[in-house]
Structures are given as C-alpha cells and as structure tokens.
Amino acid sequence: MAEPLLDIRGVSKSFGGVAANVDISFTVTAGEILGLIGPNGAGKSSLFNSIAGEVKPDQGSIRLDGTVISGLGPVACAARGIGRTFQVVRSFDSMTLLENVMVGSFLRHRNTGTAMAKALDVIGFCGLAARADVPAHDLTPPEKRRLEVARALATEPRLLLLDEILTGLTPTEAQAGVDLIRAVRARGVTIIMVEHVMEVLLPLIDRAVVLNLGRKLCEGTPQSVVRNPDVIRAYLGDRFVA
Amino acid sequence: MTGAAAHTIETRRRTQLLVGAGLLVGLIILPVLIPSPYWRGLMVLVLLYAGLSQGWNVLGGYCGQISLGHALYFGLGAYTSTLLFTRLGIPPTIGLFAGGALGGAAALLVGWPCFRLSGHYYAIATLVFGLIGLLLVENWDWVGAAEGITIPFRQQSWIDLQFRIAVLPFDYAMLAYAALAWLVAWLVEGSRWGFYWRAVKDDSIASRSLGVRVFPSKMAAAAISGAITGVGGALYAQYIGFIDPPSTFGLSLSVLIALPAVVGGVGTLWGPLLGAAVLIPVQQISIAKLGGAAGGVDLMIYGGLILVLALVRPQGLISLFGIRGAAGDAVVENG
Amino acid sequence: MTASLIIQVAIGGLLMGLIYALVAAGLSLIFGLMNIVNFAHGELLMVAMYAALLLHDHLHVGLLLQLPIVAALLFGVGVAIYRGLISRALGVRFNSGMVQIFITFGLSIFLVGLAQFMFGSDFRTLNDGAISTATVAWGQIVLPVSQIAAGGVCLLAFAALALISRTEFGRALEATREDRDAVALIGIDRDHIFSLGWGIGAATVGIAGVMLASFYYIAPSVGTSFAVIAYITVALGGFGSLLGALVAGLVVGLVEALTALFIDPSLKEIGIFALYVLVLMVRPRGLFGRQ
Ligand SMILES: Nc1ncnc2c1ncn2[C@@H]1O[C@H](COP(=O)(O)OP(=O)(O)O)[C@@H](O)[C@H]1O
Ligand SMILES: [Mg+2]
Chain A
1 MAEPLLDIRG VSKSFGGVAA NVDISFTVTA GEILGLIGPN GAGKSSLFNS
51 IAGEVKPDQG SIRLDGTVIS GLGPVACAAR GIGRTFQVVR SFDSMTLLEN
101 VMVGSFLRHR NTGTAMAKAL DVIGFCGLAA RADVPAHDLT PPEKRRLEVA
151 RALATEPRLL LLDEILTGLT PTEAQAGVDL IRAVRARGVT IIMVEHVMEV
201 LLPLIDRAVV LNLGRKLCEG TPQSVVRNPD VIRAYLGDRF VA
Chain B
1 MTGAAAHTIE TRRRTQLLVG AGLLVGLIIL PVLIPSPYWR GLMVLVLLYA
51 GLSQGWNVLG GYCGQISLGH ALYFGLGAYT STLLFTRLGI PPTIGLFAGG
101 ALGGAAALLV GWPCFRLSGH YYAIATLVFG LIGLLLVENW DWVGAAEGIT
151 IPFRQQSWID LQFRIAVLPF DYAMLAYAAL AWLVAWLVEG SRWGFYWRAV
201 KDDSIASRSL GVRVFPSKMA AAAISGAITG VGGALYAQYI GFIDPPSTFG
251 LSLSVLIALP AVVGGVGTLW GPLLGAAVLI PVQQISIAKL GGAAGGVDLM
301 IYGGLILVLA LVRPQGLISL FGIRGAAGDA VVENG
Chain C
1 MTASLIIQVA IGGLLMGLIY ALVAAGLSLI FGLMNIVNFA HGELLMVAMY
51 AALLLHDHLH VGLLLQLPIV AALLFGVGVA IYRGLISRAL GVRFNSGMVQ
101 IFITFGLSIF LVGLAQFMFG SDFRTLNDGA ISTATVAWGQ IVLPVSQIAA
151 GGVCLLAFAA LALISRTEFG RALEATREDR DAVALIGIDR DHIFSLGWGI
201 GAATVGIAGV MLASFYYIAP SVGTSFAVIA YITVALGGFG SLLGALVAGL
251 VVGLVEALTA LFIDPSLKEI GIFALYVLVL MVRPRGLFGR Q
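Residue numbers (our numbering), protein chains in the order written: chain A, 1 to 242; chain B, 1 to 335; chain C, 1 to 291.
Among the hints, a few may not be true.
To give an idea of the interface, some chain C residues facing chain B are shown, with a C-beta separation under 10 angstroms as derived from the structure [as the list claims (entries may be wrong)]:
1) Gln8
2) Val9
3) Gly106
4) Pro284
5) Gly286
If the Cβ cut is set under 10 angstroms, some of the chain B residues that face chain A in the computed set are [claimed, not checked]:
6) Glu10
7) Gly148
8) Thr150
9) Ile151
10) Arg154
11) Ser157
12) Arg192
13) Phe195
14) Arg198
15) Asp202
16) Ala206
17) Ser207
18) Arg208
19) Leu210
20) Arg213
21) Val214
Hints were generated in silico from the structure; no laboratory data involved. Cβ atoms here follow ideal geometry from the backbone N, Cα and C, with glycine treated the same way.
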C-alpha cells in the first residue's frame, strides 16, 4: 500500500490540566475525505491545531508524506501544503473577499497580478465571484465560511482541514457546502473535516475517526462507526446501548 | 464577472496614481501662487507631517502596530544628518539617507523586543523607547545635550539644503519628501507585504495559517516606517536650522507624527495627507493667534479637535469621501 | 557617601514610590477592567494638584479636608470622562482601540491647555505651613514630614482599594473584567461598573495628587512625567494587578532614587527605563501580570 499522506502517531497535547488529545494515532490516505467526529470538547479542534502547526504536541509525531511536520509551526505547515479553516471564523475584516483570498495566494505567487488571478480563480470555484469586492465584514456567515475555504485553497494545499464549516447552515446552504467539498476533492485535495451534522457528513466521507474525551475511540467506514456501541455511548450515554 | 473584480483593484490603483500626479502638479504650482512666507511656511509643515505620518501609517495603519515612539526615529534622522554636516561637512542631501538608514535600523531594534507584545503593551513600550532616546540625548554632551545644535549657514546650496530665504525651496524639498513617502506607501500597499501587513493587523493567527511570517512582516513594516521618519527628521533639521532634544525626540512629537494618519484615516493612502492638511494648519494657526500670552487656548483647540474627530470620525476624515480604511483592530485583540 | 545618606535616599525613594504606586493603581484598575489605557492619567493628577492648591489658597481648606473633597471631585471627573467620551469610544465600530488611545491623548492635551489658560505655565507650590516644611530626624537620617504623610496616606488608600475589591462591588468588578459580555447575563450593569471603575480610578489619582501637592511643584505639565512613570509601573507590575502596582511602584521609586544618588540626578529615569526594558525581555506581561 502507498505511503499515507498524513501519519499521526501517538499525539498527546494538554493545556494546563486539560488533556485535549491523548495518544492519538491514525493515517490519512491521499485523495480521501476523512471525517473527524466526536462530542464537543472531544479534542477535534485541538488535533487540527497540532496538524496545522498552530500548537506543538507534547508527545508523538505528525508526518506529511513521510516528513515530520509537528513542531515546525503554522507557517512551515502552510508552505508544505496544509490548509485550514477555523471553527470560529477568522476573516480579515478590513479587507475585501478578494484581498482575503489573495493573502492565501501570495504564498505561492509573489507577483500581485498572478496572486490576484489565482485568487479570482479560487473565488469563482467557491461560487463567490459576485462577492469578490465586498468587505469581509459585510459578508453573511455562510459566505464567511466559504471565504475561509477559498483562502485556504488559494495556498494550494495538499491537505485541507475543515472545522465545522457546515454547522449552523440551512439544509440548502449545507448541501451547497457539500457540493463544494466534493469539488475540492475532485481537484485532488485530501480533506479532513470535523462536522456534527451526521446526515450531511456520513454520505460525504470515505472514512471516519471518532474522538472522545481526547482519545481515539475508533475508526472505520461511516456505517461501521455509527453502529459502534462505544460511539453511541459517547454521544448518547449508556442507556441507549442495547 | 471575475474580470470585473480584477478591474476594481487595478483601476483603483491607477486612479490613485492619476490623482497623486494631479495633486503633485497642483502642489508644485501652489507655492508660487501664495506669496506670503507665512502660508508657504505652513505648507512646508503640512507636507513634512504628511510624509512623516505616511511613514507612521505603514507600521501603525497598515500593520496595526500603534507606535507612540516615532520621535525616536525622527530625532535620530535629525541628529545624524546634522552631526554629519556640522562635524564632517557631509552634505545633508547625503546625510538624510544616513538618517533614514539609522531611523530604520532603530525601528528594527525597538521592534525586536516590542513585537512580541500586543495592543497597549506595544504602544507603551514604544513610548518608553522614545523617552529613552530623549533622555540619552539630553545628557549626551557631545551632541549638545539639552542645548541642542545650531546648524551654521555655510552657503546657498541645494546640496547642503541651505538657502538665504529658505521657505520656498523647502516647499519643494518637503513636497519631494511627501511625494516619495506617498509613492512608497502606494507601492507597498499593492505588494505582497502590504497584504500581509493588513492580514497581520486583522488576525495574526489566520495569517500564520496562510503562511504569513508575522514577525518578519512587522519588522519589514518597522524598517520602512522608521526610515521614512528618519529622512523627515533630517529635512526638518535643515529647515529649522536648529535641533534640540524635546523638539526632535519628545513624546508630543511622537503623537503629532501619528495624528495626521489617525485623523485622516489609518491604513489609507490619502489619510496622512488629508489629516496633515487639516490638523497642522489648525494647530499652527491657533498657536500663532492664541498661544503665547493667552497660552493654553491653542492646546485646548488642538486637543479638543483630536478628541472630537476621533469620536465622530473613527475611520478618519477620508471616510467622508467614501474611502474605507483599515478597519481592523489590533489593539484590543487580546484583552 | 555615608550609610545614613544611602538609607535616607532609599526611604525617600520608597515614599515617592508609594505615590507612583497609587497613581499606577488607578491606571491599572481602569486597564484591568476594560482594557483601556488612559493617556490622560497624568493630567488627572495635575487637575487634582490644582484642585488642592485652589482649596488651600482660596478657601483655606487644610490637607485633611482636601483629601475627601478632591477625591470626590476626581471621582466625578472620572465618571464624566467615562460617560462623555469612553463609553462612546467603546461603541465605535471601527478602530475602537486606536480611537481609545487618541481620545485620551486629545483629552490630555486639552486639559494641559485648560490649566495653562486658567493658571498660566508658572510653577506653583502649595505651602501648607508646618506640614510642608517640617522634618523628622532619626540619627543622621532626615525626612520631610510631608513625604512620610504622603506615603502613609497612599498606603491607606491601597488598603481601601483592597477592601473595595472584597465587597460585592469588587466582585462585580472582577466578574466584569473576567468576562465583559457574560456579566450582562447575570444582571450586572456593565456600563454602571465601568463608570464606577473610572470614578474610583480617578479618585485614587485625586488622593495621590493632594499628597503630592503638599511637597511638589504644581504646573500644567506636571502630569506627563508621572504618567510615564505610571505606565512603566503598571507594565512592570502587570496590567490589572493591584499588588503588582504596589510592588512595582516601590521598586520604581527605589531604583529612581538610587540611580540619582549613585549615577546622576539628571539620569534618574534611566534606571527605571533599564529595569523596564529588562522586565520586557524576560516577562513581557510584567511581574504579576496574567501571562
Ligand atoms: N488553547 C487552549 N487552552 C486551554 N484549553 C484548551 C485549548 N484548546 C483546547 N482546550 C481544551 O481542550 C479540550 C478540547 O477542546 P477542542 O479541541 O476545542 O474540542 P472539540 O473541537 O472537539 O470540540 C477542551 O476541554 C478545551 O477546553
Ligand atoms: Mg472544535
């Protein structure tokens, strides 16, 4: 079997007394969409922070294409091809949508003209072309989520981390989001996504990893994890387990 | 549709150049039309502060690092070119580059410890570094200590920036300075750096995730900003012919360097110029008319104007023209 | 240089440090509460000093009565500044951090101008007879009564501040600074707390100003140097920390006095600045600041 794109081995991270991640290991194959699920506080966003280099794991290692990236910091991770969105949107509010996305495209295109062309391409791909010159401040919440996707895509990532980008959207908006994610994958980008809305998530992902209380509970096909008694217990409590 | 968007940024930048060129022509003609030395002198100051504040704006406006210590770079520029001139006979037209280089280098030195700080911690640290400069110069006999340095008149010369009747030539010297500062700002605003600075100002964590190296970005802004300020200091020294610590290193100067950008519109290309055109005349005229014996009223007007403008036009006067500035807010980022 | 001289200078420095600490405490309280640096803080001190001078010269009010009157006056000034300016700045949608900085700078320039207009730029002194000139001697160590009294009053003011922080109001204050938005949910009127915070912060400076006026010169520009020392003190102690302000104020007073003694009086600030830069490098959030 080919070498995995991302290889997480024994990653642990605590903040003060809180163990956000404990001994987490799994791999992600190039081209797949992996769902990272688990109740609130399970440690999903923390793991994203470790993968994207925003925090350094206390233990364990994270490899991208065989090279250790954990501890290199967010800038190096972005340069090596990891793009991300944030659970709480972080748009550059004094800049227009186009300018936001250009910050991303400048990573691989130093020239303003090329960076702009690249950004416009990505914005069109994300279905935001009509909004390119709107200040980020004035975008609607679903548009801001798309802005984050577009901005990350503009860095031309190999691996994209999406943190709850469909949460809080109407069913129609969520469906549009699903279509976008599929299109991103079709471009050859590998995706890890965190999402709570199971009806939307399960048909979309190839595989799921379940976290609970900072630990990996199980992994497998979407169908197999939702039938796993441990997963049901984690989400719903003991009384629902047959 | 995508073509239209590309058009917007590019046309905006082209328009800026055109307006800038038109304004430049107008300002070249203006001093000839105003024969009074008083108004010509006012124009010198407006252009000086427009340039200085344009420099401050690179760091404080685009990059969101609110410096209250820019007098340090100004003073270094003023003293460097003055000392080179009075001690070594090196003409100020060369000395101003040395002053700019030293201003930029000092900004890097201050930035190195201070850029780890956020918001108000940063503002106060820069304020203290400015005062350290003031205190050292005040006590350094070799540079004239508290008495300062008077620049002797040697000969009428553009190379030495000395003129028997100084006002008109300095209208043009300062115009060149303000225009160059504006051009630098225009160039960086459209460059990768300019985008990175605004991104860092709005959200440094998001910037990092896109591969923006935050600290080097701030340092680049500091170097450019300090250098522009240093050059302004050198020109000021030649214009006035006398420098002393409070007039070149004082805290109120640091504030005055920042104010035109703040009043005109932080993080905008035209803000510093507009702010200087409003603020400096108000300040100078009220000093002339109301300072001195009946002292105090000038400061009340100046302070009151700052206060009221900051409250009613937080985006700056430029917003009256429908131009949006950098509305991000680095100061209260992490409370 | 005798040992007693050194001790005398050190004690004098510590006494001055208590005033610095109290001025810094007002600044720190406001900053801790709402993340605003009041750049007109030194001018509040100046206003308090002139108020003491006027009370003394025109109404023959003694020191003990000046304290409550000026404190109350400054409390009103603080509340007025909050209601009239700061609360508006908080509502500003753009650049609110920058607006806060330059509003208080504008205010400080305005107040200096106002003082110049009303009293001229001359240095004045408040000569309160016995208090202003009396000294206590202990062996060869001689200290002015006014400074000892000032130090004592500042300590009392600190004790009062510490007491306030234990009251219901103090807890509301603490809750407000912990989470500015959540307090509204539990029925605390944020605006009310903020304006009381400004009132108390300014009243604190009022007390420092009265005590300072009893032995220091009074001029429109007097606030600037004290404000700078207050910024440094607060940055050293850690923004928002009362204990930090007290300790840092004492350290600053001591360092300043010893620098003046051992190096040069005109370089007395350099010791403080050096200390500040050192702490900045090692502990950017100050000695007692939340990291
Ligand atoms: N920077 C941090 N500082 C302190 N605690 C943190 C930090 N980041 C995450 N945590 C804690 O780690 C745990 C996991 O959080 P998170 O990764 O956000 O969970 P999830 O995204 O699965 O909801 C939570 O208890 C959270 O409070
Ligand atoms: Mg999360």
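Each hint tested on the structure:
{"no.": "1", "hint": "Gln8", "result": "violated (25 angstroms)"}
{"no.": "2", "hint": "Val9", "result": "violated (20 angstroms)"}
{"no.": "3", "hint": "Gly106", "result": "holds (3 angstroms)"}
{"no.": "4", "hint": "Pro284", "result": "holds (6 angstroms)"}
{"no.": "5", "hint": "Gly286", "result": "holds (9 angstroms)"}
{"no.": "6", "hint": "Glu10", "result": "holds (8 angstroms)"}
{"no.": "7", "hint": "Gly148", "result": "violated (41 angstroms)"}
{"no.": "8", "hint": "Thr150", "result": "violated (45 angstroms)"}
{"no.": "9", "hint": "Ile151", "result": "violated (43 angstroms)"}
{"no.": "10", "hint": "Arg154", "result": "violated (46 angstroms)"}
{"no.": "11", "hint": "Ser157", "result": "violated (41 angstroms)"}
{"no.": "12", "hint": "Arg192", "result": "holds (5 angstroms)"}
{"no.": "13", "hint": "Phe195", "result": "holds (5 angstroms)"}
{"no.": "14", "hint": "Arg198", "result": "holds (6 angstroms)"}
{"no.": "15", "hint": "Asp202", "result": "holds (4 angstroms)"}
{"no.": "16", "hint": "Ala206", "result": "holds (4 angstroms)"}
{"no.": "17", "hint": "Ser207", "result": "holds (7 angstroms)"}
{"no.": "18", "hint": "Arg208", "result": "holds (4 angstroms)"}
{"no.": "19", "hint": "Leu210", "result": "holds (5 angstroms)"}
{"no.": "20", "hint": "Arg213", "result": "holds (5 angstroms)"}
{"no.": "21", "hint": "Val214", "result": "holds (8 angstroms)"}
In this structure, the hints that do not hold are numbers 1, 2, 7, 8, 9, 10 and 11, in rising order.
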